[in-house]
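Student: What follows is each chain in one-letter form.
Protein chains: 2
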Amino acid sequence: MIPAHRYAERLARLAAVARAGGVDAVLVAVGPDLEYLTGYRAMPLERLTMLVVAPDEAPVLVVPRLERAAAEAALRTDVRIATWDETEDPYELALGDVGTGGAAPSLLAVSDRLWASHLLRFQAARPGARFAPASSVLRELRMVKDEDEIDLLRRAAHAADRVVTRIAAGPLVGRTEVDVAREVRERLIENGHQEAHFAIVGSGPNSASPHHEASERVIRAGEPIVLDIGGTLDGYGSDITRTIWVTGGDPANGPDEAFQRLFGLVREAQASATAAAWPGTPAEQVDAVARGIIEAGGHGRYFIHRLGHGIGLEGHEEPYLVAGNSEPIEAGHAFSIEPGIYLEGRYGVRIEDIVVCGRDGPIVLNEAPRELYVVDG
Amino acid sequence: MIPAHRYAERLARLAAVARAGGVDAVLVAVGPDLEYLTGYRAMPLERLTMLVVAPDEAPVLVVPRLERAAAEAALRTDVRIATWDETEDPYELALGDVGTGGAAPSLLAVSDRLWASHLLRFQAARPGARFAPASSVLRELRMVKDEDEIDLLRRAAHAADRVVTRIAAGPLVGRTEVDVAREVRERLIENGHQEAHFAIVGSGPNSASPHHEASERVIRAGEPIVLDIGGTLDGYGSDITRTIWVTGGDPANGPDEAFQRLFGLVREAQASATAAAWPGTPAEQVDAVARGIIEAGGHGRYFIHRLGHGIGLEGHEEPYLVAGNSEPIEAGHAFSIEPGIYLEGRYGVRIEDIVVCGRDGPIVLNEAPRELYVVDG
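Protein chains in written order, with our numbering: chain A, 1 to 377; chain B, 1 to 377.
Hints in this document: simulated from the structure, not taken from any laboratory.
Check the hints yourself; a few may be wrong.
[Unchecked claim] Rough simulated footprint, nothing fancy, chain A against chain B, three-plus residues with beta-carbon under 8 Å:
#, stretch
1, 69-82
2, 116-129
3, 207-213
4, 298-308
[Said to hold, decoys possible] Cβ-Cβ distance ranges computed for the label pairs, FRET-style:
#, chain 1, residue 1, chain 2, residue 2, range
5, A, D78, B, G345, 14 to 24 Å
6, B, G254, A, E88, 36 to 46 Å
7, B, E371, A, A16, 48 to 58 Å
8, B, E57, A, A12, 47 to 57 Å
9, A, M43, B, E190, 21 to 31 Å
10, A, R220, B, E216, 41 to 51 Å
11, B, A331, A, R217, 10 to 20 Å
12, B, H197, A, A73, 18 to 28 Å
Just so it is clear, CB atoms sit at the ideal spot from N, CA and C, and this is done for glycine as well.
Work out the full structure, taking the sequences as your base and the hints as a guide.
Tutor: Have a look at this one:
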């Protein structure tokens, strides 16, 4: 659990960054931004709940009156609450104090995940203002994880490790992907996750679809499975991928040579990129390390996605390890490293770990073996 | 399951409504709008997936290349797919064909739930265009449920009914709210829900917080519980509230007279508002019927929320039964009717059903008894 004092520190730092950036107010929506700043986890809804952080004002949480008690109970730091009744205008309430020092606000930052319907209402209420994504002021804070956050990410990673190991132990052959995916979700919860967000079970040719939705296909002996699973534990995400080959107990059904070669390339790309994740390395450089190895192996055109994404309160967040992102990674950044090769219609391979960039080099949070899991299934 | 032909019909109707409204394109985001129009259920992510529906063009689904196979497998109607690679600009890809007949687009409608970060990118790409919420063109379609949708809502309602009945059968006394909430979620899944979205278990004074988050409070004999639960079954929502009084087996611990009076008022308000839900009745009038009864009983100021909300692919959607919404409800509209009275620090009462406005009057989908559940617990 995040200690309460952290929230006050984060709010103060956000106000300072906003001031430095000339932002009149940060309009923080329900979701990961609000949870990061106050500990309040709520469902995004059509009724506006919004934290307003302005450089020279105490933060205010605007909530529907019927949510007041729930918000008070969940808040882990001291913010003033302003409630609105069903027939009142929450947008004016949220903007009320912003820019009253003089002119109307000229620059407002809004949470990336704020619903468009809410943003359009704010824009209509302040037609002269410019709106920017809140990530422009929040990203620096949220990207650098403190020790408590890393601890939660590690606990989530270890729980996911246990689920991967359990699933690889079988049975698998003869079951549908959907059935295995259901087991994955149950076991994530069993292992301490509050939510199981995804369970990609791509068997046989489906392993070549990186974001395959588990289907009614029955798993057979003599084929690979790409297993990519994750959810949240105390708000923080897990995300791990391992590649399994099921033999059905018959060694003759083992992985063919071409597949072993693909796997070897991905394994080498994953290990080398992980080793490159030191403070100061440009994010795109980590991607390039993995991509270079797969390209040299002749499969560059089949590695069709970026190398990785940040992870924390969101399953995908900054920094993104992708060509074009020249920003250096820093100590405290946490991200996935997940190269893959996908031969459409045939099969695919992916290996993914969550890695923290430490001051003295990369720290890999996942501990499940990274080798090809050749199992009876 | 929704028959496939419905999706093509919905897309054609949306194009017609957009044309009539002078909308150059509807930018449909991942979420309920996309599922309604194509059957494709996907997670909202930072990588843009977007259906573009323009009046005189065939609809196009813009997807990240790595999602292509998953999208193809999930789409239940015929739409062209346009993929983008990790370093390409999906916003230009989505807008590419819009308005090429002549001038740049002047009016673009965007899904209400589109993330602000995506909307800001679209606005930057087309600074001259006006952006409106897609509900302005989609609401008429989505509000009127067809028979297949009503069937799914009914199945979801009956599943939730069974869970309420099971939970009311106990045990309850001596357990924490969180523990009961966990059982609610498990039983929703057991009864056919794919997702359990909320499980409000407000015991004793917590029953006076309408959106109470289940806490570590231990349920005691001689107090009420407001149980408000729901999730989705094949995409469609359930949402039911019943009020329980636990005696611990001792009749002396039964509900006091004041509580019984509150309950009677809410019961009467709920029944009368339900009976008023005929085609042509203004939405706010249904709210007013319930509110009038509670006001006449002297508790108007403790009924602190609107009477109800629409329900379908979203847990809360139009129409809203609230003062200020003078639009008539119509045959096929589906909504909650959920009056409540909340005495802060003491206790509260709420009763909620999902009701469909039928041609010949209201059809109540929930079948669990609406009386006060006085149980041993």
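Student: Next, verify each hint and record whether it holds.
Tutor: Each hint, compared with the structure:
| no. | hint | in the structure |
| --- | --- | --- |
| 1 | 69-82 | holds (count 4) |
| 2 | 116-129 | holds (count 5) |
| 3 | 207-213 | holds (count 6) |
| 4 | 298-308 | holds (count 3) |
| 5 | A:D78 to B:G345: 14 to 24 Å | holds, 22 Å |
| 6 | B:G254 to A:E88: 36 to 46 Å | holds, 39 Å |
| 7 | B:E371 to A:A16: 48 to 58 Å | holds, 57 Å |
| 8 | B:E57 to A:A12: 47 to 57 Å | holds, 50 Å |
| 9 | A:M43 to B:E190: 21 to 31 Å | holds, 22 Å |
| 10 | A:R220 to B:E216: 41 to 51 Å | holds, 48 Å |
| 11 | B:A331 to A:R217: 10 to 20 Å | violated, 41 Å |
| 12 | B:H197 to A:A73: 18 to 28 Å | holds, 19 Å |
Checked against the numbered hints given earlier, the structure breaks only hint 11 and satisfies all the rest.
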